[in-house]
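*Asks:* Just so you know, the protein sequences line up as chains A and B, in that order. All you need for the working numbering is the position in the first sequence, starting with 1, plus 257. All you need for the working numbering is the position in the second sequence, starting with 1, plus 1460.
None of these hints come from the bench; they were simulated from the model. Positions of the beta carbon are idealized from the N, C-alpha and C atoms, including for glycine. There could be a bad hint or two in this list.
Not everything, but these chain B residues come out facing chain A in the computed CB check (under 10 Å) [said to hold, decoys possible]:
1. Leu1531
2. Thr1532
3. Leu1686
4. Ala1687
5. His1690
6. Trp1703
7. Asn1705
8. Ser1729
9. Phe1741
10. His1752
11. Ala1761
12. Ala1779
13. Pro1783
One-sided and incomplete, this derived list gives chain A residues near chain B with beta-carbon spacing under 7 Å [said to hold, decoys possible]:
14. Gly266
15. Leu273
16. Leu274
17. Leu276
18. Val282
19. Leu284
20. Arg285
21. Ala287
22. Phe292
23. Val406
24. Gly409
25. Ile450
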Amino acid sequence: MLENDRFRGRCRWLLLLALTGLLLVALRTAYLAVFAREKYLTLGRELASSTRDYYPPRARLLDRDGVALAWSEDYFDLHFTPGPETDRTAAAQALATVFPDSPLVEGVVRRQLSARETELAARALAAFPEFRVVLRRERLRIDDPRLRVLLGEVTVDGNRQRGISGLELQYDERLAGRPGRYEVLLDRERQWISGSWHLVRPAEPGADVRLPRSVAEYQAEAEHAQP
Amino acid sequence: MRSPEKVSFLELWIVATVFLLGLWGVLTVASAQSTAAEPLALPLRQLCRLLLALAALVLAWRVPFAVYRKLTPVLAVLGYGVLLVLPLVGERINGMRGWVALWGIQIQPSELSKPFFLLSLIFLNGLCRDDRRRLLVLSGATLIWTLPVMVQPDFGTTVIYWCGFLAVYVLTARRWQLAALPVTGMLLLAAGFVWSRPYAWRRLAGFINPESDALGSGWHIRQFQLAMAHGDWFGAKMQQAVWSNYYLPLAYNDSAYATMVETLGVAGSLPALVLAGLLAFFLYRLAVRSVHNEFARVYIAGAALLLLSQTLVHLGVNATLLPPTGLTWPFISYGGSSLLSCGLLVGIALSAGSEESGR
């Protein structure tokens, strides 16, 4: 048996060593949490935060009398994108509680959700990141093939619409407005963290373009121009 | 069972410190679950387990230490026996076959065996007359105990068992320097393991330079750093503890300290460090009070060192001073087996201290 003094001395040394370890941890904590904080917060923002532009709805093309020739409408579709770990049975059961008449398919499950349906889906399908409500922006135009060339075409890229021909191209900048910017935090699965969204810069909506002539005049002009 | 008698202030302080540490742990678990669907489920469960662990501590304390000494061979066989069958019947969780389900409750035998491992080492130590024999017997016993743990694989717990060996040997041998031999052997073994396994090598490389593979092997290290940076002096609010809730793996368990710093800040986590140091100090005082009984005093000091070494490894990993390894923080991290095991360790240590003081 070790003598009492020796035992006491060894205990003391071991305790001192351990307390030194605790002190080292405390100092390292202070360094990470306070002194080098900005460096790691910047790294954290780069990793977790996502800054994205969002586009306002494209403004309208109106004739002289205010009749809409081209306008944009927003729809919300429910998408399903499964991964290798997805429990399809559970996902189908969850979907059936909200939309019993929609089968579980990859891609678009249901189109044009109403506001109420979007809310119900968000609540019932929150546990499944494979489900997403996706904005679909469509450019609609007056139902007259004679005016198609005059009005021109628009490409749709996500929720951004860009005129590529005709009046849509001519007045593209005025119709599109200026995109806004938001920042959101993403979790490890790159899903939005609820409550982390904030606006960096608001979007500026486009301005309606009122054309100098009426629909009838444009239609007559288009008829004359046909071979 | 011993009848109730006067309890010293030192013993009361030990129990109070354990309770306070446990409460800090419940708060840490709550902050890691603040955005969960049921944010109170795990913290309430942890609180119940803490109370159970305290009950086990008191019960273990009331049993005379002489009973533990007498039953050491039986307890050792039981504790080791469960470890032996674990690779066959254990459940694999987080890549480790280290759990057994009993009546729906997950139990981790390598945690619960720690008090019995310590008892068995001190028992074997009592049979040795010289330091060479002591070194051989104790290191051999530790190797036998840790082999089934390494097979799970649970290298964090293996390290703690070896810290237990070091504690017992240094506290009983005249030539404590001889302990360098088995320690060097284990370090060489560890180096050989890392060399032969690409995933272990990548983990080490990620620890040395997290930037080199921030999304791969450096990920875990990076999350610890980001979680702590988010804490500042006084912590982020619970709902805004982004890293603990969305990024840190096992935030309420293996990453408990980083979670605590993110939510409570430096100011809120320092008291937990002080409590851990105080617990070690109070157990040290209890050990040096037990001057006449080697078994008792070595058990008390050994228990203190086991708890402290596990605390330091956990803190070191979370503060990115050590490579990542899964180890809980005694009394703080979520986990019934860990709480119960630590409660038993301290309870048996209190029993040893009571016996020595003749109470």
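*Asks:* None of the hints should be skipped; say for each whether it holds.
*Replies:* We went through each hint and held it up to the structure:
1. With a cut of 10 Å, the hint placing B/Leu1531 at the interface with chain A is violated, because the nearest CB-to-CB distance is about 22 Å.
2. A hinted interface residue such as B/Thr1532 counts as satisfied when its beta carbon comes closer than 10 Å to some beta carbon of chain A; here the least separation is about 18 Å, so the hint is violated.
3. This hint holds: B/Leu1686 has a C-beta 4 Å from the nearest C-beta of chain A, less than the 10 Å allowed.
4. Interface hint status for B/Ala1687: upheld, as the beta-carbon distance to the closest one in chain A is roughly 9 Å, under 10 Å.
5. With a cut of 10 Å, the hint placing B/His1690 at the interface with chain A holds, because the nearest CB-to-CB distance is about 7 Å.
6. At its closest, the beta carbon of B/Trp1703 sits 7 Å from a beta carbon of chain A; the interface hint therefore holds under the 10 Å criterion.
7. Among the interface hints, the one on B/Asn1705 holds; its C-beta lies about 8 Å from the nearest C-beta in chain A, closer than the 10 Å criterion.
8. The beta carbon of B/Ser1729 comes within 6 Å of a beta carbon in chain A, closer than 10 Å, and the hint placing it at the interface holds.
9. Of the supplied interface hints, the one on B/Phe1741 holds, with its beta-carbon coming within about 7 Å of a beta-carbon of chain A, less than 10 Å.
10. The interface hint given for B/His1752 is met, as the beta carbon of that residue sits about 9 Å from the closest beta carbon of chain A, less than 10 Å.
11. The beta carbon of B/Ala1761 comes within 5 Å of a beta carbon in chain A, closer than 10 Å, and the hint placing it at the interface holds.
12. Contact between B/Ala1779 and chain A, as hinted, is supported at the beta carbon level, the nearest pair being about 4 Å apart and thus within 10 Å.
13. A distance limit of 10 Å between C-beta atoms decides the matter here; for B/Pro1783 the minimum to chain A is near 15 Å, and the interface restraint is violated.
14. With 7 Å as the threshold, the beta carbon of A/Gly266 stays out of range of chain B, its nearest partner Cβ sitting at about 10 Å, so the hint is violated.
15. Contact between A/Leu273 and chain B, as hinted, is not supported at the beta carbon level, the nearest pair being about 10 Å apart and thus beyond 7 Å.
16. For the restraint placing A/Leu274 at the interface with chain B, the shortest Cβ-Cβ distance is roughly 9 Å, beyond the 7 Å limit, so the hint is violated.
17. About 6 Å separates the beta-carbon of A/Leu276 from the nearest beta-carbon of chain B, less than 7 Å, and the hint is met.
18. Given the 7 Å rule on beta carbons, the hint for A/Val282 holds: about 4 Å separates it from the nearest Cβ of chain B.
19. Checking A/Leu284 against chain B: minimum C-beta separation of about 9 Å lies over 7 Å; hint violated.
20. Taken as an interface hint, A/Arg285 checks out: its beta carbon lies about 4 Å from the nearest beta carbon of chain B, inside 7 Å.
21. Evaluation of the A/Ala287 hint against chain B yields a held restraint, the C-beta minimum of about 6 Å falling below 7 Å.
22. Taking 7 Å as the C-beta contact cut-off toward chain B, the hint placing A/Phe292 at the interface is violated, the least distance being around 10 Å.
23. Hint status for A/Val406: violated, given a least beta-carbon distance of 50 Å to chain B, over 7 Å.
24. Interface hint status for A/Gly409: violated, as the beta-carbon distance to the closest one in chain B is roughly 44 Å, over 7 Å.
25. Annotation: interface hint on A/Ile450 holds; nearest CB of chain B at approximately 6 Å, less than 7 Å.
Hint violations for this structure: numbers 1, 2, 13, 14, 15, 16, 19, 22, 23 and 24, all remaining hints satisfied.
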